[in-house]
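Protein chains: 2
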Amino acid sequence: MTTTAPSSSAVRLAAETWESLFRSQVAVMRRLQAGQAFKKLPIKEYDVLFTLSRCPTGKLRLNEINDHVLLSQSSLSRLVDRLEKRGLVERSIAPDDGRGILLGLTAAGHELQKEIGREHVRDIAELVAPALTAEEQRELLRLTEKLQAFVAHKQPRES
Amino acid sequence: MTTTAPSSSAVRLAAETWESLFRSQVAVMRRLQAGQAFKKLPIKEYDVLFTLSRCPTGKLRLNEINDHVLLSQSSLSRLVDRLEKRGLVERSIAPDDGRGILLGLTAAGHELQKEIGREHVRDIAELVAPALTAEEQRELLRLTEKLQAFVAHKQPRES
DNA sequence: CCAAGATAGATGCATTTGCATGTATCACTG
DNA sequence: CAGTGATACATGCAAATGCATCTATCTTGG
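Residue numbers (my numbering), protein chains in the order written: chain R, 1 to 159; chain F, 1001 to 1159.
Bear in mind the hints are in silico, worked out from the structure with no lab data behind them.
Treat the hints loosely; a few may be bogus.
Derived DSS-like pairs: lysine-lysine, alpha-carbon spacing no greater than 25 Å straight-line [as the list claims (entries may be wrong)]:
| no. | chain 1 | residue 1 | chain 2 | residue 2 |
| --- | --- | --- | --- | --- |
| 1 | F | K1044 | R | K44 |
| 2 | R | K85 | R | K40 |
| 3 | F | K1146 | R | K146 |
| 4 | F | K1085 | F | K1039 |
| 5 | R | K114 | R | K44 |
| 6 | F | K1114 | F | K1040 |
| 7 | R | K114 | R | K59 |
| 8 | F | K1154 | R | K39 |
| 9 | R | K59 | R | K40 |
| 10 | R | K85 | R | K44 |
| 11 | R | K114 | R | K85 |
| 12 | R | K154 | F | K1039 |
These numbers come from a predicted model, not from an experiment.
Work out the full structure: start from the sequences and follow the hints.
Below, the structure is given as structure tokens:
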């Protein structure tokens, strides 16, 4: 398999696009993190509760969660330790794989997720909704989903 | 000043848009961080070199840099300590404000930034260019710039 | 010009993170 | 089905991070 060398302008466009995506994420995240909601629980820990709350079965493998967050495997393991110590999640052994750990929310975890989630969603809407029209938001949603889908499927370079 | 309550669907759209922007950033960043280039220097430290390299005057105040990066003030201060210890940047006192610190690249810093930058840009292009058409990239660039501009100008809620 | 408050950045200290590695289970091969 | 390598998660330890606080400078009101 061969690929044609991308033109220099194509490279530049891709780089600028990523740069802008990244900076906008930093700007928004900075604001969201400062939200009142995250006095109760750091945003990274909330994100795990949120991810679990979205999951149809209510439980996820640690490695699945790890794909969603920007944390090393060991850091996630200890983050889950903290959540478990606070009684927000429960570890159980995956039925189909003795090595795997299934993580699920406790009642308290569900409760706290909803509580923080309400505030958090309000903060998000306050930042994003006035910045872009509904049409633009839908387009941004579509483009980032497309980008994410491509990146997720592409295998890492072996170089 | 009063604002009309946003409809529930507007809130949901904003939340989904942010969620997708965030996850796509995580997915791309994960790949980029794993790049060969960042064996030499962690990506967060590279980002400071990059930011300095982009600046017309070649020097920036620490608090300006801090706005670009998702780090606390103290963490940035120590990150700069590390860069300085490696001889990549130099601190100097801001001429117009005795409290302020101006940061500039050394020759070695410039060199390393360019070296890592070349690889990094290639990795970015490899991930982003095949995922979206040029037209789509331009649109994504426009939308994220617009979002960032709004968020930067909006003052924090005093709530 | 002085006092009081604000701002820029540095630092002590506890927490979080990642790398390297360890343990246990799984998948495959012969 | 034993042996070998791969995968999932945990853990020791050094490094990075954030919070609270400190020092030094700036700004403002009298």
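Tested hints:
Note on K1044/F and K44/R: the hinted pairing holds, with a Cα-Cα distance of about 18 Å set against a maximum of 25 Å. Between K85/R and K40/R the CA atoms are separated by roughly 15 Å; this keeps the pair inside 25 Å, and the hint holds. Between K1146/F and K146/R the CA atoms are separated by roughly 20 Å; this keeps the pair inside 25 Å, and the hint holds. With a CA separation close to 18 Å, the supplied pair K1085/F and K1039/F stays within the 25 Å bound.
With a C-alpha separation of about 15 Å, the suggested pair K114/R and K44/R falls inside the 25 Å cut-off, and the hint holds. Only pairs whose Cα atoms come within 25 Å are accepted, and K1114/F paired with K1040/F is accepted, the gap being roughly 13 Å. Between K114/R and K59/R the alpha-carbon distance is near 17 Å, which keeps this suggested pair within the 25 Å criterion. For the given pair, K1154/F sits about 22 Å from K39/R by alpha-carbon distance, which is consistent with the 25 Å threshold.
In summary, the hint linking K59/R to K40/R is supported, as the alpha carbons are separated by about 23 Å, within the 25 Å threshold. Pair hint K85/R plus K44/R holds up; C-alpha atoms about 16 Å apart against a cutoff of 25 Å. Between K114/R and K85/R the alpha-carbon distance is near 19 Å, which keeps this suggested pair within the 25 Å criterion. Proximity of K154/R to K1039/F is assessed by CA-CA distance (about 22 Å); at most 25 Å being required, the pair is judged to hold.
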